[in-house]
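**Q** Keeping their order, the protein sequence lines are chains A and B.
Going by my numbering, the first sequence opens with residue 1, and the numbers climb by one from there.
Going by my numbering, the second sequence opens with residue 1, and the numbers climb by one from there.
Source of the hints: derived by calculation from the structure; they are not laboratory data.
Computed from a prediction, not measured in an experiment: that's the story for all the values here.
There may be inaccurate statements among the hints.
One copy or any two copies: either way a pair holds, since identical chains are not told apart in the list.
Dumping the calculated DSSO-like pairs for lysine-lysine here, alpha-carbon to alpha-carbon at most 27 Å [what the hints assert, rightly or not]:
1) 49 x 311
2) 251 x 327
3) 225 x 235
4) 181 x 49
5) 253 x 94
6) 94 x 181
7) 311 x 44
8) 327 x 49
9) 21 x 327
10) 225 x 327
11) 168 x 235
Number of protein chains: 2
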Amino acid sequence: MQSPASTISLPPSDSRERARKLVLALQDEICSGLENLDEEGLFKEETWKRPEGGGGRSRVMSEGRIFEQAGVNFSEVQGEQLPPSILNQRPEAKGHPWFATGTSMVLHPRNPYLPTVHLNYRYFEAGPVWWFGGGADLTPFYPYLEDARHFHRTHKEACDQVSPELHKVFKPWCDEYFYLKHRNETRGIGGIFYDYQDGSGVLYKGQDQQGNAANISKEIGLCPKTWEELFALAKSCGQAFLPAYVPIIQKRKDLQYGERERQFQLYRRGRYVEFNLVWDRGTIFGLQTNGRTESILMSLPPLARWEYGFKASTESREALLTELFTKPQDWLNDDALEEQCQPYEAIG
Amino acid sequence: MQSPASTISLPPSDSRERARKLVLALQDEICSGLENLDEEGLFKEETWKRPEGGGGRSRVMSEGRIFEQAGVNFSEVQGEQLPPSILNQRPEAKGHPWFATGTSMVLHPRNPYLPTVHLNYRYFEAGPVWWFGGGADLTPFYPYLEDARHFHRTHKEACDQVSPELHKVFKPWCDEYFYLKHRNETRGIGGIFYDYQDGSGVLYKGQDQQGNAANISKEIGLCPKTWEELFALAKSCGQAFLPAYVPIIQKRKDLQYGERERQFQLYRRGRYVEFNLVWDRGTIFGLQTNGRTESILMSLPPLARWEYGFKASTESREALLTELFTKPQDWLNDDALEEQCQPYEAIG
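Construct the entire structure; sequences and hints are all you get.
**A** Laid out in structure tokens, this is it:
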């Protein structure tokens, strides 16, 4: 029997350096774009070292004009043995030292009409195996169909630059990953997500829009087959972030809101906390590998609330958000969404 | 080889009914005591059924005079197979249907000088095994040594009624359980905690005050050996809750506070969220067994905040809380604590 590792090609000799430079450049580009967008807030930077090897560069903007809090991390870490949560997925890495570099960010705007957003791109090496992972997903508090479509369209175009076969896999993968099982909700309207991409093909079994396993992409070879293609994918998707997000902010940033909208935003931010602490593999990986807690938990919102038994009033925008925008949807192709959303968008 | 199960005595024939009545009575007594204390807030009750069997009675007080939120749950649930998190601890239960009943509560006062508190007492049966577990622990936001001592003294007296050997085991067990590994902090000043008490003796290896394993109690037979003694223990400790907590509230409830104290309280409540969602076995059990999410997450605070890199200013009460009151301490016997706390208590 052929082990998966034997089908993985060797990475280029300067793979770590190129991956590091890519994610560092992404961090720089995006921070700079966000400072321009905010016009007031500036990122404060802290660099840190990890006792077990490696370190990072954490940047935080607090109390900006647009961003109540924005955290953008870079890290490059090494260790002797990957934690069980990853070895379960990549048993070939067992007993080997590992290397990982990546950038991740979560932006929490103050105005409830502006969506929270998350991005992460990362690269791993461990003994005979290497892989890329990452993605970006949007979490609105108020439902705007055109924003969801813009975010998805921009990421689809970025995937298409590498292969037109990718988006139809990475889009449902995102819905599946950013899912709160205990709430039966997605975290938001999704985006793209992929993991363990090592050039040997996609083994992911996707789900259809009803959440049933659909084997969307089982074929070996459908996905990027080389290190270079996967590197290009991370670059293309990473660079799509600002064009996917900034126009949404520009369009909504001056909308007036009141206490009702603020309270709903804080309530929904509670779901963000629940996902990150209960289900997110990235957070669990960080805490398991003695990561830098303050940097890992930069993803948590500056303020969040919980309310027992809260229900949005019927036929409200809050109800539309809860019913339609926290379920997997075919945002780009489902025309029926327009009819469902239109009556509410006029309010906003 | 003798299996652990064979050393466990049979429970009385009416064990489930007696355990249910005990925790229902605790819920009633405590809710009634808390309404008297609050003088304004009233509990709203919801009863619910679980599709897989059993149900519960959830009571919530919101926006009371003293309590910003107080949640007091009762549940009685059954299932075909316990989840892996419990089967790891009780492999004898594998393949057997199970029964569990318990009461749990978390109270979040509004005034930052009033501590948050948690209580849980529960009883399990699964095939050949049964066990009791539970405890209560206090999480102050401002450091008052006399409050910590009162809470611990009252629970020690409740344990002593069953056996003078118990408190020295259950106190460090509580410090160990309510521990945030990723912060290197206890959740608060502790109290008592015990689990898997089936009459076969304590197998718990405690830790000393420095957090080193200390084998405080390895001897079989040190702990209650019969179902009746363990039932009496749950009753004695459960009934100690109001006397342990209410006098602290009465003493501090009229203290004036400002924005600084409120912000510190909200920040520390973030730690409460982190513990409950990342480390708490009770929460994980509930989410794994398709529990009622709204009832399980009633423990989360009504409002919480996170701030990157926050540090309390030196020699402040906030620093004393962080440095002394989130580390395991021998509250009842360590006289040196007085010198450390006294300069700050005068401020309060």
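**Q** Between residue 311 and residue 44, at a C-alpha cutoff of 27 Å, which is it: within one copy, between copies, both, or neither?
**A** Close across copies (16 Å), not inside one copy (38 Å); limit 27 Å.
**Q** When Cα atoms must be at most 27 Å apart, do residue 253 and residue 94 count as within-copy, between-copy, both, or neither?
**A** neither (48 Å within a copy, 56 Å between copies)
**Q** Up to 27 Å between alpha-carbons, please classify residue 94 paired with residue 181: within, between, both or neither.
**A** Only across copies: residue 94 and residue 181 sit 24 Å apart there, 29 Å inside one copy, limit 27 Å.
**Q** Check residue 49 against residue 311 for me: Cα-Cα at most 27 Å, and say if that holds within a copy, between copies, both or neither.
**A** Between copies only: 19 Å across chains, 45 Å inside a chain, cut-off 27 Å.
**Q** Taking 27 Å as the upper bound on the Cα-Cα distance, should residue 327 and residue 49 be classified as within, between, both, or neither?
**A** between (40 Å within a copy, 25 Å between copies)
**Q** Using 27 Å as the alpha-carbon threshold, which applies to residue 168 and residue 235: within, between, both, or neither?
**A** within (19 Å within a copy, 58 Å between copies)
**Q** When no copy is specified for residue 225 and residue 235, does a C-alpha distance of 27 Å or less occur within a copy, between copies, both, or neither?
**A** Cα proximity of residue 225 and residue 235: one copy only (16 Å, versus 64 Å across).
**Q** I want to check one pair: residue 251 and residue 327. Are their C-alpha atoms no more than 27 Å apart within a copy, between two copies, both, or neither?
**A** Answer is within: at 24 Å inside a copy they meet the 27 Å cutoff, but 49 Å across does not.
**Q** I want to check one pair: residue 21 and residue 327. Are their C-alpha atoms no more than 27 Å apart within a copy, between two copies, both, or neither?
**A** neither (36 Å within a copy, 41 Å between copies)
**Q** For the identical chains here, do residue 181 and residue 49 meet the 27 Å Cα criterion within one copy, between copies, both, or neither?
**A** Classified as between; 19 Å across copies, 35 Å inside a copy.
**Q** Give the relationship of residue 225 and residue 327 under a CA distance limit of 27 Å: within one copy only, between copies only, both, or neither.
**A** neither (32 Å within a copy, 51 Å between copies)
Checked against the numbered hints above, the structure breaks hints 5, 9 and 10 and satisfies the rest.
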